[in-house]
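Visitor: Line by line, the protein sequences give chains P and Z.
Here the numbering used here is used: the first residue of the first sequence is 1, the next is one more, and so on.
Here the numbering used here is used: the first residue of the second sequence is 182, the next is one more, and so on.
If you're looking for bench data, these hints aren't it; they were derived computationally from the structure.
Be aware that one or more of the hints could be misleading.
Think about it this way: if two alpha-carbon atoms lie no more than 16 Å apart in a straight line, the pair counts; the simulated EDC-like pairs of lysine to aspartate or glutamate are [unchecked claim]:
(1) K180(P) <-> E248(Z)
(2) K195(Z) <-> E150(P)
(3) K180(P) <-> D156(P)
(4) K195(Z) <-> D48(P)
(5) K163(P) <-> E150(P)
(6) K163(P) <-> E153(P)
(7) K195(Z) <-> E153(P)
(8) K195(Z) <-> E147(P)
(9) K180(P) <-> E185(Z)
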Amino acid sequence: MSAAAPLLFPTNDANLHRAAAGDHDAFGALIRQHQDMVFSIAWHFLHDRDRAEEIAQEVFLQLYRTLGEIESHAHLIFWLRRVAANRCIDESRRGRWRIVTLDEANEVARDANDSDPLLTRKLGQMLQRLPAPQRLAITMRYQEGLEPSEIGEVLDMPLNTVKSHLRRGLGALREWLGVKP
Amino acid sequence: MNFEDGLTRALARKPAPDGFADRVLARIEVPRHRTSTLRRIAAAIILTAALGGLTAHQIIEHRRNEEGQRARRQLMTALHIASAKMRAAQRAVVHD
């Protein structure tokens with residue numbers, strides 16, 4: 001598996017401490033620094049821009065109330081990924097997420113080989129058919145570039161469970177798209 | 182493009198909507214600011230009322246004291262006058 005997103009992030013503990021001390025400008029800077037990550041986790045899970053923003057906003061509002069417990073910038077990133085993932089799972093349990101029908105999926109599979117941008121777009125849509133844990137594991141792997149052990153920490157899953165979710169999720173996507181392993 | 186490259190591209194981070202951070206900050210700051218402002222207004226009203234009441238009470242007490250002192254002085258003056266008249270009358274009776 002290849003991982004594209006960077007694993008390392010610039011540390012900015014001073015900014016974090018200023019935000020924890022009530023500096024709103026520093027908190028605004030933290031939001032701007034990590035908003036794409038949080039929004040994208042929700043977006044790839046829900047494929048709904050408005051609800052992805054709603055979830056991402058709630059994650060940062062929760063962060064604001066929890067800032068005193070965040071020990072470092074690395075902890076902050078871990079916390080944001082975990083809370084974003086949990087919020088997504090909560091959302092899926094409410095049953096409000098959009099379900100891609102089998103017909104839509106077949107249409108996707110037919111179009112998948114037409115062009116690369118289309119494959120990219122359709123892959124994103126196909127993800128919606130996967131069960132929530134598989135979708136999150138794949139998102140953490142390919143969006144965030146995390147190793148399975150790191151995914152296990154973020155999603156609070158044993159390593160073998162993460163590997164199983166990745167294997168099954170990727171297998172399903174390949175099958176739907178008619179891609180040979 | 183192979184399957185995993187396609188997946189990596191499909192799952193690349195998307196930019197958050199414009200103004201996202203400002204909207205989050207607004208949700209934090211509006212209630213805090215409103216609560217803080219209301220608390221300040223309430224505290225100012227209470228403080229003003231307390232200070233006003235205390236001041237009025239002190240003014241009234243001061244006036245009462247002054248009136249009491251004035252009445253006391255008038256009474257003493259009256260007593261002195263009465264006493265002087267009595268002594269003068271007594272002396273006149275004794276001489277007669």
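Visitor: What hints, given by number in increasing order, does this structure fail?
Guide: Hints 1, 2, 3, 7, 8 not satisfied by this model.
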